[in-house]
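There are 2 protein chains.
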Amino acid sequence: MTVSVEKPLLAALSKGLPAGAVLTGDDELDLHSRDSAPFCAAGRPAAVVRPETVGQVQHVVRTARAFGVPLVPQGARTGLAGAANAVDGCVLLSMVRMDRVLEIDTANRLVRCEPGVITADLAAAVAEQGLCYPPDPASWEVCTIGGNIATGAGGLCCVKYGVTADYVLGLTVVLADGEVLRVGRSTVKGVAGYDLTRLFVGSEGTLGVIVEATLALRPPPPPALALLARFPSTSDAGEAVAAIIREGHLPSALELLDRTTTEAVAALGHPLLARGEGDAAATLIVASDSPDAAAEVRAMAGLCHGANALSVTAAEDAGQSRQVLDARRMVLPALSARATSLPGEVTAFIEDVAVPRARLTALIDRIETIAGEYGLYISTVGHAGDGNLHPTVVFDRSDPGAVRRAEEAYDAIMAAGLELGGTITGEHGVGTLKRDWLARELPARSLRLHQDIKRLLDPEGLLNPGKVLA
Amino acid sequence: MTVSVEKPLLAALSKGLPAGAVLTGDDELDLHSRDSAPFCAAGRPAAVVRPETVGQVQHVVRTARAFGVPLVPQGARTGLAGAANAVDGCVLLSMVRMDRVLEIDTANRLVRCEPGVITADLAAAVAEQGLCYPPDPASWEVCTIGGNIATGAGGLCCVKYGVTADYVLGLTVVLADGEVLRVGRSTVKGVAGYDLTRLFVGSEGTLGVIVEATLALRPPPPPALALLARFPSTSDAGEAVAAIIREGHLPSALELLDRTTTEAVAALGHPLLARGEGDAAATLIVASDSPDAAAEVRAMAGLCHGANALSVTAAEDAGQSRQVLDARRMVLPALSARATSLPGEVTAFIEDVAVPRARLTALIDRIETIAGEYGLYISTVGHAGDGNLHPTVVFDRSDPGAVRRAEEAYDAIMAAGLELGGTITGEHGVGTLKRDWLARELPARSLRLHQDIKRLLDPEGLLNPGKVLA
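Order-wise, the sequence lines are chains A and B.
Numbering-wise, UniProt numbering puts 236 at position 236 of the first sequence, and it's gapless, one number per residue.
Numbering-wise, UniProt numbering puts 157 at position 157 of the second sequence, and it's gapless, one number per residue.
Hints are supplied without guarantee of correctness; some may be wrong.
[Claimed, not checked] Pairwise CB distance ranges (calculated): (1) A:319 x B:295: 48 to 58 Å; (2) A:292 x B:397: 51 to 61 Å; (3) B:220 x A:101: 49 to 59 Å; (4) A:232 x B:333: 53 to 63 Å; (5) A:329 x B:295: 24 to 34 Å; (6) B:220 x A:166: 14 to 24 Å; (7) A:404 x B:459: 41 to 51 Å; (8) B:291 x A:107: 21 to 31 Å.
Quick caveat, the hints were computed from the structure, so don't treat them as lab data.
The beta-carbon is built from N, C-alpha and C at its ideal position, and this holds for glycine as well.
Taking the hints into account, I'd like the entire structure generated from these sequences.
Next up, the structure:
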């Protein structure tokens with residue numbers, strides 16, 4: 001964008017926004033130009049704007065449109081697919097100042113809020129009223145509800161409580177033409193018209209800007225008890241998962257750590273993994289928050305023993321459960337520790353792929369093979385109950401060879417996921433990272449319909465262009 | 001349609017269909033021209049076709065298109081909004097012969113099936129494999145899965161287990177141009193692209209013809225225990241519902257019978273309602289299938305007592321639970337009994353409206369007032385946990401005055417529902433019955449977007465025209 005266009009654009013944006021809402025400093029532009037995905041190009045934005053009201057968002061959308069300038073909505077930029085990355089000359093529309101919880105309706109178990117509310121803050125606010133907002137993406141302490149909705153975020157609890165999409169009853173959206181659209185409802189049930197709410201969930205800012213959400217809440221579950229089981233092989237752990245599912249258990253977490261991850265957490269000193277009773281190729285961490293959690297944990301521990309577990313630790317109280325669940329929480333610190341211990345500019349990037357539940361261990365084994373083939377350190381953690389895996393490659397981003405091998409390995413993992421009947425993303429989204437893979441996953445007719453819908457809602461192609469769809 | 005068009009149309013249809021798949025007899029046309037909604041006009045179809053394969057559906061869609069003839073998909077015609085009613089000259093596309101369960105995948109807890117499978121048959125087939133398909137619309141013993149998906153059907157269990165939409169992972173749809181579209185996935189989680197699956201759920205055959213579905217399953221719940229409580233006022237029953245919700249219970253059924261319904265079931269001889277301990281203005285029927293159902297039922301019984309219940313019967317075993325739940329099951333027979341005891345062509349039509357849960361008793365009281373104003377017999381049953389009410393007017397359809405009063409009463413109920421922050425349909429759909437009401441419920445911008453999406457997917461307007469949207 002030439003300066004001649006940029007100056008009047010900034011002047012026009014400022015006119016309808018409070019002082020300090022338009023940022024143009026180099027540091028600010030740099031800071032806001034990227035989410036947390038590597039491999040994804042980011043352009044140079046014209047400005048970052050931080051509106052505080054729906055009217056101000058409309059002003060920004062209309063101004064960008066009048067100038068023919070792309071608009072990239074963003075929250076806390078914890079996304080892992082580049083969906084919030086700047087495109088050249090764009091206005092970055094940061095929603096972080098629209099962070100109010102507008103209403104907690106305990107009688108109807110729902111909450112209305114603005115998109116910039118941090119997920120943990122929302123969860124805390126409703127917990128104070130004796131209610132629970134379950135979705136718990138890993139970044140929940142910093143990410144925003146708007147970002148969660150825009151990406152269709154998941155989390156650990158999904159295996160029992162579903163994903164963000166399952167909690168979105170209604171949305172207010174500013175459309176590409178600046179008009180306000182209300183979709184959905186405030187009732188638990190409702191089938192009046194097409195489900196446009198779900199169309200916006202997971203659309204990554206390409207169809208409109210979410211400015212308000214009505215979310216369903218649940219009563220808080222009873223306290224969870226957890227167990228940790230170590231297995232001599234991935235397939236033994238997979239058999240334990242299959243048995244837990246087959247027996248009709250509904251665990252509130254069901255996480256699988258592969259050999260590399262098990263070793264990394266053990267190396268960081270977790271007592272349940274460090275003590276060696278045989279060589280663990282996989283670790284299962286299972287929690288139950290059913291009213292008879294103790295009995296359910298005992299039953300699931302029995303199923304782990306039956307699946308050849310090397311050791312099983314079934315917690316009997318909250319303290320022991322915390323220790324078990326710490327093994328899961330230590331995964332990222334363990335990988336970071338490994339990254340910082342290595343020379344170069346080492347990074348750990350979390351990938352995301354999902355397969356039908358029964359194919360999970362097959363995919364883990366394929367990833368282990370891929371790691372060997374590309375000479376890479378890949379640690380894989382899975383939401384085993386969902387068939388959703390997060391392979392994490394730890395590599396030196398200053399080494400072009402390592403970057404290339406990491407990219408190729410990711411491609412090989414995506415290909416394996418699709419081959420096993422899965423999807424290229426279980427909960428992280430498409431952004432620019434997987435745009436080409438989306439075109440491979442979707443049948444041609446579906447891709448065309450995606451493009452038609454994009455054109456219908458954004459005929460000038462100014463809403464987060466190049467994200468999700470090419 | 002003139003005979004000159006009809007003959008070549010029938011010939012062309014027959015060419016790609018098995019013998020006996022094209023019906024044109026007057027009786028057959030009459031039989032298939034209507035679903036179960038009164039008040040809804042039905043046109044005269046050119047033919048009923050019953051394809052057996054996806055290819056045959058494509059043939060029908062393409063043939064109808066070539067002749068410029070409307071196509072009305074239908075299942076068991078148990079719908080209550082006229083969505084399956086014929087329009088003049090249309091081809092009625094009955095999906096009942098595509099009734100195969102294609103695959104039950106126990107490891108991944110999902111089922112693939114054709115749309116014509118009867119819901120109860122599907123539930124039985126997966127139960128045999130130790131799994132559960134929860135959605136239970138009242139007509140589940142005769143209605144089809146395709147119809148459930150097309151209307152976004154609900155049921156008694158929704159309060160705990162969600163509606164049909166929540167179980168649809170993927171769909172195969174024949175589009176207006178005859179092409180096959182696959183949307184969704186076979187994985188529990190997935191965010192690859194826009195949620196087109198939900199766009200088709202509840203679209204009532206206006207966007208495409210569902211020819212296959214992949215549905216999520218659950219482990220079967222433990223056996224339920226039930227309680228029945230009688231209250232001296234609607235507001236006392238409402239207070240009991242509020243207390244049950246407030247205390248964090250998740251009942252597997254939470255049904256409220258108003259005074260008229262309570263009296264009708266009592267008149268039919270249900271022992272728990274017939275024995276009078278005071279005059280009951282409302283009855284609550286509550287079930288729990290949690291692992292500690294007995295304790296939960298006891299706790300909820302206590303809450304009913306605390307809300308001023310006249311009597312509370314808490315079942316202690318399956319037999320007693322059956323007796324309690326029979327009171328709910330007897331509602332329709334009780335209304336039918338009343339209808340057949342009256343002179344004229346008396347019918348009982350079940351309406352559907354939903355409000356935020358806390359407004360339920362307010363709406364019940366409004367309906368009682370409306371019944372009085374219009375001199376009508378209105379029995380109201382509510383899925384109280386969902387805020388979803390079914391007021392049923394019993395009236396003589398051969399009496400034009402009664403029909404007019406019934407229609408006006410329904411309008412007054414819809415208006416009251418919207419005024420209380422609700423929706424014109426919780427689970428029955430729009431069809432033609434509520435098309436004008438949909439235009440009142442939806443903001444103008446949303447209605448325009450509905451029409452844009454309809455045009456995008458059905459540019460020639462041949463798919464179930466006039467349903468949902470004018």
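> Against which earlier hints does the structure fall short, listed by number upward?
Replying inline: Hints 1, 3 are the ones this structure does not satisfy, whereas the remaining hints hold.
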